[in-house]
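Numbering (the numbering used here), first residue to last: 3 to 174.
There's no promise every hint is true.
The calculated label-pair distances, taken between Cβ atoms and stated as ranges, are [unchecked claim]:
| id | residue 1 | residue 2 | range |
| --- | --- | --- | --- |
| 1 | V120 | A45 | 19 to 25 angstroms |
| 2 | A28 | A67 | 32 to 38 angstroms |
| 3 | G97 | Q6 | 30 to 36 angstroms |
| 4 | P64 | Y14 | 27 to 33 angstroms |
| 5 | S39 | A165 | 16 to 22 angstroms |
| 6 | C116 | F41 | 22 to 28 angstroms |
| 7 | Y14 | G97 | 30 to 36 angstroms |
| 8 | C116 | A78 | 22 to 28 angstroms |
| 9 | R167 | Y14 | 36 to 42 angstroms |
| 10 | A126 | A165 | 45 to 51 angstroms |
| 11 | A124 | A161 | 36 to 42 angstroms |
Hints in this document: simulated from the structure, not taken from any laboratory. Predicted model, so just to flag it, every value in this text is computed and none were measured. Where is the CB? At the ideal position from N, CA and C, for every residue including glycine.
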Amino acid sequence: MLQQVLSHTPTYVWAILAFLAYRGVAASKDRVVTYRSVFIIPAVMLALGLNSVANGFGLATPAGAAWLAGALAGVALAWTWAGGNGTRAVDHAAGTVTQRGSWLPLALMMAVFCCKYVVGAALAVQPALSGDMRFAVPACVAFGLFNGIFLGRLLRTAAAWQALRPVAASAA
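I would like the entire structure built from these sequences, with the hints used as guidance.
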């Protein structure tokens with residue numbers, strides 16, 4: 003059965019996995035990135051998570067509420083754990099931030115990918131699971147938690163960006 007699931011996986015799924023692995027390894031090293039680019043991975047992960055919830059279970063369902071609860075918990079956890087989120091320096095003139103390397107983004111991206119893959123495969127094999135809240139709620143809490151952690155880390159970076167904003171000279 004595993005061979006059949008793997009063989010029916012579209013090629014673009016493996017391209018997404020390669021992209022996420024590449025970005026995750028890149029995030030493991032200290033790097034200078036544009037402020038705009040720090041939004042890319044959280045946006046991609048949010049899109050993947052919400053897509054899974056919307057297509058698999060529906061957003062206006064208990065599963066959608068479970069995703070929201072998981073996302074709020076993830077934001078709170080990331081805000082608490084992240085401290086300064088590893089943002090070392092902000093250069094407003096250049097529009098860049100210097101971020102400390104971390105393996106956490108890779109771990110989170112792989113967790114989202116694996117969760118999305120397993121849930122998608124399970125729903126393809128047994129479509130009735132989409133209405134089974136014993137399956138839907140834990141899956142959506144997991145998607146929400148992962149999305150929330152990405153969003154919480156992003157909020158920490160945005161807070162550092164704002165906190166280190168140069169003060170405009172007052173006109174006298």
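Taking the hints in turn, this is what the structure says about them:
Against the hinted window of 19 to 25 angstroms, the Cβ-Cβ separation of V120 and A45 comes to about 23 angstroms, which satisfies the hint. A beta carbon spacing of about 35 angstroms between A28 and A67 agrees with the range 32 to 38 angstroms that was offered as a hint. For G97 and Q6, the hinted distance range of 30 to 36 angstroms is not satisfied, since their beta carbons lie about 48 angstroms from each other. Checked against the hint of 27 to 33 angstroms, the C-beta distance between P64 and Y14 comes to roughly 31 angstroms, which is consistent with it.
Checked against the hint of 16 to 22 angstroms, the C-beta distance between S39 and A165 comes to roughly 20 angstroms, which is consistent with it. The hinted window of 22 to 28 angstroms between C116 and F41 holds, with their beta carbons roughly 23 angstroms apart. At roughly 31 angstroms, the beta-carbon separation of Y14 and G97 lies within the given 30 to 36 angstroms, and the hint holds. The hint said 22 to 28 angstroms for the Cβ distance between C116 and A78, and at roughly 23 angstroms that hint holds.
In this structure the supplied range 36 to 42 angstroms holds for R167 paired with Y14, their Cβ-Cβ distance being about 40 angstroms. The given range of 45 to 51 angstroms is respected by A126 and A165, whose C-beta atoms sit roughly 46 angstroms from each other. A hinted range of 36 to 42 angstroms for the beta carbons of A124 and A161 is consistent with their spacing of about 38 angstroms.
Comparing the model with each earlier hint shows a violation of hint 3 alone; every other hint is respected.
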